[in-house]
Structures are given as structure tokens and as C-alpha cells.
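Student: Sequence:
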Amino acid sequence: MWKSAKRQRVQKSMTWSEYEKTSFETLRLFIRATDINCDCEEMYKWTFDEDFQKFWRLPRFSSKEDFEMYLHRRKKTRWDFTAVYDSVPVCLVSLRENKSENLISYCTAPSFRRLGFASEALSALIEHLGLKTASLIIENTNKKSIALAKKLRFVPSVHLNAFTTLYIKNGGEI
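Its first residue numbered 212, the sequence shown is counted upward by one per residue in the numbering used here.
Hints may contain errors.
Cross-link-like lysine-lysine pairs, in silico, BS3-like; alpha carbons within 30 angstroms at most [stated by the list, open to error]:
{"hint": "1", "residue 1": "K286", "residue 2": "K343"}
{"hint": "2", "residue 1": "K343", "residue 2": "K256"}
{"hint": "3", "residue 1": "K361", "residue 2": "K265"}
{"hint": "4", "residue 1": "K343", "residue 2": "K362"}
{"hint": "5", "residue 1": "K355", "residue 2": "K286"}
{"hint": "6", "residue 1": "K355", "residue 2": "K343"}
{"hint": "7", "residue 1": "K354", "residue 2": "K286"}
Hints are computed from structural coordinates only; laboratory data are not their basis.
This one's a predicted model, so the numbers in the text were calculated from it and none came from an experiment.
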């Protein structure tokens, strides 16, 4: 389903129907392509969280419909996956290709943080897609994401500016 090149990056040649069929399970999570119709309402609630606003740097959405339009626009540049626990979306993991890197971003529902869901979802996605390299851009003040990156064996690579660092994982092993 996912095709790879020498640089082991996600190829845009994957069709939308292939992406929509992507799903797999971990011990606790069901991970699938984000279904905007099903996931938007719950995820919209996350946008009011202080950490979400601080680290995702998104505009404040005036309505669920505005957030839904934002998710639709994202389809052009990234693949979004939802990690579901007990029928509730608990984590959004996004993958986008930037030059030779697989850039991953994630957000966990406020009430499900510090329970290992982001770690489990990130590890599973990297393994399921067979990514040999992956990158996270993390703000230097985001101590929880830095700790998660280190737990998953991402290493600091480049200070992009005074505020953010690029963390890279090579080899694809978790």
C-alpha cells in the first residue's frame, strides 16, 4: 500500500482510497485513516486546550465547521491518522513529506495525556508504514514531547531556530 523510494519516504502516489483503507491495531488502540465526519467533533474540543493552542500554533477556530474545513485542507499536504481507544479518538498523528523527511506531528486528547497513547500510536505508525526515517519538530519548551521523542529513540539533530529542534529517528526500529 505505501510505496517507498531510496530515501524511504512516503510517496504521494498512494491513492486516496488506499489511504482510507489503512487501519491496524495495537494492544490498546485501533489506528485508522482519520474520518473527518466521525472524528471532527471530538477533536474540535481539543483545540480549546492550552497545550494544543501553545504547541500546534493554529488559529482559534470559531466553530466546529471551521475546524472541519481545516482538516479537509490538510488532506492536500499530509496523511492524518486517528488512534481510537474504547471507541473514542484519543490521538491524531499526521505524516507529511518534506524534502527527504517524513515529518510526523501528533496531538493527544487532553483527558488521555500521560497514559502512553501517543507513544503507542507513533511507534505503531512508524512500524506499520515501514518508515526507515522519521522526524519530529519539537519546541524546546515542550518538555513532554521531548521526553516522548527520547523514549522512542529520536535524537536531536538540528536546532531550527532558538525555539525549535528537529528530532530524527533513523533505522526505523522502535
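Student: Does each hint fit the structure? Answer for all of them.
Tutor: Hints versus structure:
1. K286 with K343: At roughly 23 angstroms apart (the allowed maximum being 30 angstroms), K343 and K286 satisfy the hint.
2. K343 with K256: violated, 34 angstroms
3. K361 with K265: holds, 21 angstroms
4. K343 with K362: Holds: K343 and K362 sit about 17 angstroms apart, inside 30 angstroms.
5. K355 with K286: Answer holds: K355 to K286 is near 27 angstroms, not above 30 angstroms.
6. K355 with K343: holds, 24 angstroms
7. K354 with K286: holds, 29 angstroms
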